[in-house]
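*Asks:* Protein chains in written order, with UniProt numbering: chain A, 1 to 473; chain B, 1 to 473.
To be clear, the hints were calculated from the coordinates, so they are not data collected in a lab.
Certain hints may be false.
The list cannot tell twin chains apart, which means a pair is met if one copy fits it or any two copies do.
What the hints assert, rightly or not - Restricting the straight-line Cα-Cα distance to at most 20 Å, the calculated cross-link-like pairs of lysine to any residue (SDA-like) are:
1) Lys365 / Ser294
2) Lys174 / Arg51
3) Lys339 / Glu362
4) Lys268 / Met52
5) Lys365 / Gly61
6) Lys392 / Arg290
7) Lys67 / Ser172
8) Lys55 / Asp266
9) Lys174 / Phe53
10) Lys369 / Leu46
Small disclaimer: the values here were computed from a predicted structure and weren't measured.
Protein chains: 2
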Amino acid sequence: MASGKELCEGVEWRIRVVDGSSEVLVPPTGLARKVWLRTKGLISGLGMKVRMFLKQAWDMGANDPRKVIHCIKVGLALTIVSLVYFMRPLYDGVGGNAMWAIMTVVVVFEPTVGATLYKCLNRVCATCLAGFLAVGVHWIASQSGDRFEPFVVGASIFILASIATFSRFIPSVKSMFDYGAMIFILTFSIVAISGYRVDKLFDLAHQRISTIIIGTSLCILVIMMVCPIWSGQELHSLTVRNMDKLSDSLDGCVTQYFTNSNGEDDQKLQGYKCVLSSKASEESMANFARWEPSHGRFNFRHPWKQYLKIGASMRSCAYCIEALNSCINSENQAAESIKKHLSTSCLKVSSSSSSAIKELAESVKKMNKSPNMDLLVEEMNSAVEELHNDLKSLSHLLNPSTTAENQISATGLVPFMEIIPVVTLASILIEISARIEALVGSVEELVEESEMKDKIVAKEEKPEGTMKALQRV
Amino acid sequence: MASGKELCEGVEWRIRVVDGSSEVLVPPTGLARKVWLRTKGLISGLGMKVRMFLKQAWDMGANDPRKVIHCIKVGLALTIVSLVYFMRPLYDGVGGNAMWAIMTVVVVFEPTVGATLYKCLNRVCATCLAGFLAVGVHWIASQSGDRFEPFVVGASIFILASIATFSRFIPSVKSMFDYGAMIFILTFSIVAISGYRVDKLFDLAHQRISTIIIGTSLCILVIMMVCPIWSGQELHSLTVRNMDKLSDSLDGCVTQYFTNSNGEDDQKLQGYKCVLSSKASEESMANFARWEPSHGRFNFRHPWKQYLKIGASMRSCAYCIEALNSCINSENQAAESIKKHLSTSCLKVSSSSSSAIKELAESVKKMNKSPNMDLLVEEMNSAVEELHNDLKSLSHLLNPSTTAENQISATGLVPFMEIIPVVTLASILIEISARIEALVGSVEELVEESEMKDKIVAKEEKPEGTMKALQRV
């Protein structure tokens, strides 16, 4: 018989053997089966995860085919640059350093034209600057004798790398030359140190610069020729889209509250959250857009920074909509009579505000001052005025006694607490309309600045035009 | 005499010459002087800008000496890696490819340990994976004959580069392996293409991997040994700091409003804006913190994601504080009597809320559940209850007639419009207290999860401890 020590957990099947002792029957669900089941579970779980991942990737590609196009562009640029390797004359021309061209393509190719140009220009300028400096340092080092050479080179690398790294923390440098500073350190270190070993220092510097120029030109060509995505255009559309979302959420929230309808699309109501979270992408797009040449309706030096101001104004509206939403979902429900009393004017404010934002979106889209804008703002302000008056007359409906809640039905008066949610909502609405006026101001600034820049560009282009005409004569 | 055509703008000094005609006196302020003045202006303007820039840089360094230390660390790491070049045996060992070690140091050295580890691990893994794949592709290509070799290599580069680029758009890949995907494309392209030219393909792959390992190990050593900055610790301190700021702004705003004091520090009042704008940095820090080994009180697999939840809760409070601020600065000023009526309870809510946030900050700082927390939340809730009651009793002070504004002084009653700002403020305060309760919940979750992880780690470490004890016996 099994001793106490051998007692296992769970049930065992035993069989009595001829000699009277019993033996454990190992069931088919033994260790092997357990391992098999667990492995099967693991595999199917993994398969599930992989399937989910692939589905996610597929959906992403289907939702934004431009991402797929970008990937094809990267593949294309890399395949073209490999031609440099495959064609012997070109390969020999850059002394086997064609690798640098490939590296350049891989690291500078970004989804938007602005980002690619930023990296290309930074890379070329920083490489040239660092190359010249490194050759200079190498010359000084070679004058100081064999013994001191490593020290001079080492010290110069230490000092320049530290300074360049520090400059990357300074906001103005960071926004324009962050990548350049890194490439500066890289090229300087490599060329200065190679100077100690490689005898043909000038050749190295020259090859590195020429391969980088090959790589960057190829990138610029591909990014601008094949379905280009412009940071500026993206920023512009994002701003327009966010305005539309803001307008839809504002109108949707207020309408849902006063009409008690749940038919509104929830995604539409939550649109303002996109506005809240798009600060970082706006900033990076505005940063890259500065590097782009004129494209579409946007000139070089289009007032991209103004978009950031508009973004900030939109966010300040969105904060209020967030507060509005919390009012709407609050536990203290307002009395129906009060809601009815204020609903007309509140709905008027929200609809006029949201059509003002819609008009602003239109105005940004077309980049001209809308003739209806002043009218719409006036309409919004008169709706606010009306809401003010309705609020004033609200006190008639109030029940001055807090304890006499049972009198409500008899007198039609409402206890003060049931007014609070609607009053809060109304005053937030009024605040939103004030913030929309600020938004109108910043959009008008954008349109004016852009028109001014257009005129300057037109003026600058005119003499060139006459020059060309003269040349033709 | 000067003819009409020659009339210049401005005043001219003329001298009558002996023959009766007059000559223009050319003043010393001629063209040369103009150029000189303009150049001087330009130079002094430039000098001013440079001085401003340097001052900004100096201030930045003085405010955060860790940035300076980081720069020195980069210089140090680069100088050490140059030793590889200067010492011939090491140089020969990696076949003149020591450049890769320098490049690795330049590109992977980031200010925080987490970011550096992320880049190092991504770089090493991606290089190994791409190296093996490229060697495999090269073998296949070499089997397909001289004519098809370039096509096979080109096609494989096109396909793999496109897929890897696409994967960088997928959020889960982007957050963990973005840099790795880039390095994968880079290494694969270089090794696959070099395979066509360089005969010693294995050597190339081996050298590249070994130099990268030299570079990354050096980076990891320097970043972790010399004054390390941990992403996790930074995220932790940022969260605590933001909580303090939130608490100060909330209390400051409400106190300023009710006591009409302007003595409050404006920077303190605007502290909530830091909370609004720190989403991006929180996310990147949490992302990098995942790569860090245990440091200080944080274990590997500390619940960093929970900090993001806390950040979101804090932001939802900050949105309300923003709305509160607009109430306080609104044009409709509230009647003093109403302000007085509500000031005690409003101040109580704000001070109890802000001390609850302060306690939360303390609790996050010490990473344990505060014993006072429940008491403070109760206090806050009872203050809210009191505010509710005060609001209810407000209707006694109301003047039901909107037109009888001249009766105010006689009866002490207030027109409805002058109540609105205070009522709005009070209801936003109540909303803030509700959001603080959500914040309390997410902080408690963090503390619990962290304690649980601590226990798991302690358990995992225990058997090891006994093993060691056994070994000693």
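*Asks:* All hints are to be evaluated individually against the structure, with a verdict given for each.
*Replies:* Do the hints match the structure? See the list:
1. For a Cα distance limit of 20 Å, the shortest separation of lysine 365 from serine 294 inside one copy, 17 Å, qualifies, whereas the shortest one across copies, 51 Å, does not.
2. Proximity of lysine 174 and arginine 51 under a CA criterion of 20 Å is satisfied inter-copy only: 18 Å between copies versus 40 Å inside one chain copy.
3. For the homomeric pair lysine 339 and glutamate 362, neither the shortest alpha-carbon distance inside one copy (33 Å) nor that between copies (43 Å) is at most 20 Å.
4. Taking the shortest Cα distances, lysine 268 and methionine 52 never come within 20 Å of each other, neither inside one copy (27 Å) nor across copies (47 Å).
5. Within a single copy, lysine 365 and glycine 61 get their C-alpha atoms no closer than 27 Å, and across copies no closer than 43 Å, so neither meets the 20 Å cut-off.
6. Proximity of lysine 392 and arginine 290 under a CA criterion of 20 Å is satisfied in neither setting, with 51 Å inside one chain copy and 56 Å between copies.
7. Taking identical chains as interchangeable, the C-alpha atoms of lysine 67 and serine 172 lie at most 20 Å apart only when they sit on different chains, with a minimum of 16 Å there against 30 Å within one chain.
8. Taking the shortest Cα distances, lysine 55 and aspartate 266 never come within 20 Å of each other, neither inside one copy (24 Å) nor across copies (51 Å).
9. Proximity of lysine 174 and phenylalanine 53 under a CA criterion of 20 Å is satisfied inter-copy only: 13 Å between copies versus 35 Å inside one chain copy.
10. For the homomeric pair lysine 369 and leucine 46, neither the shortest alpha-carbon distance inside one copy (56 Å) nor that between copies (38 Å) is at most 20 Å.
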